[in-house]
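Colleague: From first to last, the protein sequence lines stand for chains G and P. When we follow this note's numbering, the leftmost residue of the first sequence carries the number 1, and every step to the right adds one. When we follow this note's numbering, the leftmost residue of the second sequence carries the number 1001, and every step to the right adds one.
It should be emphasised that the hints constitute simulated quantities derived from the structure, not laboratory data. Don't take every hint at face value.
Claimed, not checked - The calculated lysine to any residue pairs, modelled on SDA-like cross-linking and capped at a C-alpha distance of 25 Å, are:
hint: 1; chain 1: G; residue 1: K76; chain 2: P; residue 2: K1046
hint: 2; chain 1: P; residue 1: K1007; chain 2: G; residue 2: I166
hint: 3; chain 1: P; residue 1: K1046; chain 2: G; residue 2: G11
hint: 4; chain 1: P; residue 1: K1007; chain 2: G; residue 2: K32
hint: 5; chain 1: G; residue 1: K65; chain 2: P; residue 2: F1089
hint: 6; chain 1: G; residue 1: K76; chain 2: P; residue 2: T1170
hint: 7; chain 1: G; residue 1: K32; chain 2: P; residue 2: T1004
What follows is each chain in one-letter form.
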Amino acid sequence: MSVSMSETKDGKDLLVSLYDKYKQGLFVYICKYLDSPEDAEDVVHEVFLMLAEGGLGKLAGRNEKEISRFMFISAKNIARVIARKKRKTVSFEEFAEPYEPIPHFQAAELFIDRIIEEDLLEKAEAAMKTLDPKYADILYLYFKGLKVKELAEEYHARPETMRKRIYRALNALRNEVYKGDE
Amino acid sequence: MKDTETKNRLAEAYGEVLDREIAEASARGAEDPHVFSESFEKRMDKLIRTGKLRRARPRKALGIVIAAASFIVLLALIACAVPVVRNAFAGFIVGRSPDCSDVQVRGETKKLIEEEYELTLIPEGFEERKKSASDILIKRFYLNAEGDDIMLQQSADNSVHTITDRAELTELDINGMKVLLARGDRCIIAVWLQDGYSFFLGYYNAPDNALIDLEYFKAMVGSVRIAGE
């Protein structure tokens, strides 16, 4: 019978340590996205629930810095979902995929090859720092090795939708890197 | 430098931004700690100390949001799958809605890839960089130094191609084949049936680059043939 990491002693200790260290910071961070302290508390709870339910297992082998980054990105995603739910009217565009021409092929993924071949790494690193967080968050998790299916679960989206979001994010990065080039 | 190393470097670049945000939030939290509610403390105590898992708010609360989101996204997808308007193209089954088109060639296709096809007319500056292949699908990617991309897809299972672009669709004849052409802001796409395979050719130009000449693109369509012939 498999045991989730949070059921092991090490897992429990890690969960306690993360909770004690980050609960206040998480709460403050989430309050940027939500008006209600009660909702912010719920998000904090959801984050640690996610970790206890298997999240810790997925993060096995990662250092604490990376774990904290995952936690805060997850908190942001949960907070955004709650914030949308709270609005009295929600337009179709809020949930539907925003219209924009999407490359119909994997041009965006090949951009990583180009970064290496064209010696664009420094430019790309700088671009990552100024990219819209909604793209940067996705790319961070993607570059750290999360598969499309795992990202889809994280974002409560279908895998095909998630694939499109990754391509959009890669395109946003590509546009940022080539911006100003003539 | 390898692919994974590059991805890690890029992730770490944004990671530094995240670390700063986390540090600032943690510092503010330490300066002025929030007094958590009693119900929160009880839930967390159960979760952290005893390992008992219980959701703060009923799962359905978030579930409703997710279901609503999925439903609305589903509506958006259905809008394309159940076409508002079916255009009468002789060689193609096309479903159009305001935002996208589903395109499929009319006619029988082979069940498996028996011969590989390639683009024999390639614009100057492009070269084939990547190829992915399975029993029923081959994709070839061509790139140039300016950031423009070309993809040639050969499929044996009569794929439905979704063109997510408010493009004008035109059916025309190239070398005796019926070809459906779609032209968007930064891409030109062609779909056609050739020798029992459904083909897709797409040219995508990087921002600020000029789109390829239409006549040249049509010639590229006509240049697709069995590799090595």
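Colleague: Assess, step by step, whether the Cα of G/K32 is no farther than 25 Å from the Cα of P/T1004, and give holds or violated.
Modeller: violated (33 Å)
Colleague: Would the pair G/K76 and P/T1170 pass a check requiring their Cα atoms to be no farther apart than 25 Å?
Modeller: It is violated: about 44 Å lies between the C-alpha atoms, which goes past 25 Å.
Colleague: Would the pair P/K1007 and G/I166 pass a check requiring their Cα atoms to be no farther apart than 25 Å?
Modeller: holds (14 Å)
Colleague: Has the given pair, G/K76 with P/K1046, been kept, meaning a C-alpha gap of at most 25 Å?
Modeller: Cα-Cα ~24 Å, so holds.
Colleague: Under the criterion that the straight-line Cα-Cα distance not exceed 25 Å, is the pair P/K1046, G/G11 satisfied?
Modeller: holds (15 Å)
Colleague: Given the hint that P/K1007 pairs with G/K32, does the C-alpha gap stay at or below 25 Å?
Modeller: Violated, because 29 Å separates the two Cα atoms, which is more than 25 Å.
Colleague: For the pair supplied as a hint, G/K65 and P/F1089, confirm whether the alpha-carbon distance does not exceed 25 Å.
Modeller: Measuring from Cα to Cα gives roughly 57 Å; hence the hint is violated.
Hint compliance for this structure: hints 4, 5, 6, 7 are broken, all remaining hints hold.
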